[in-house]
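Peer 1: Work the whole structure out from these sequences, hints included.
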Amino acid sequence: MLHWQWKPFTALTVEELYQVLALRSEVFVVEQKSIYLDADGYDRRAHHLLGIQPDEPESFLAAYLRVLPPGLKYPEASLGRVVTSPRARRYGYGKTLVERGLAFIDATYPGAAVRIGAQHYLQRFYEGFGFRRISDVYDEDGIPHIDMLR
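Mapping to full-length UniProt numbering: the sequence shown position 64 is 64, numbers consecutive.
Incorrect hints may have been included.
Straight line, CA to CA, 20 Å or less: simulated EDC-like cross-link-like pairs of lysine to aspartate or glutamate [what the hints assert, rightly or not]:
1) Lys-73 x Asp-141
2) Lys-95 x Asp-106
3) Lys-7 x Asp-38
4) Lys-73 x Asp-106
5) Lys-73 x Asp-139
6) Lys-73 x Glu-140
7) Lys-95 x Asp-139
8) Lys-33 x Glu-140
Ranges of calculated distance between the beta carbons of each label pair, as one might list FRET restraints [what the hints assert, rightly or not]:
9) Ser-34 x Arg-87: 17 to 23 Å
10) Arg-132 x Met-1: 29 to 35 Å
11) Arg-124 x Phe-60: 16 to 22 Å
12) Lys-7 x Lys-33: 25 to 31 Å
13) Ile-143 x Met-1: 30 to 36 Å
14) Arg-89 x Glu-127: 19 to 25 Å
Hints are computed from structural coordinates only; laboratory data are not their basis.
Even for Gly, the Cβ is constructed at its ideal location relative to N, Cα and C.
Peer 2: What follows is the structure in structure tokens.
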């Protein structure tokens, strides 16, 4: 069972920030072989959801996403950098992660639409949360993406 925690950027400890950046690099840069600048300037104004796995020999960041407020990246609120650690993928944390992210947006920005830039292969996954595709497939850092809206 994960310990879930929401934090603004300024409340992240140095260790938590290190774990976030390490996990995002492990999956998005190394595993997916996508060379891009992860530190895109949005983290400072984002809300960060950390799912910590406490029962390993050492606790580790098992799941993570960030929520961007309306008007920062898109006119709508957004969630992104949705990632599950390779060590924790078999437990279905991705679904819980997105559910928690959307619930946070609904509570924090009532009535706000939500836009995401999703990897194309995840279209059906996000449709299960009420998202609909609103763009053609486009290349983002070597990976096919689509824009989706809820």
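Peer 1: Are any of the numbered hints broken by this structure? If so, which, sorted upward?
Peer 2: 7 and 11
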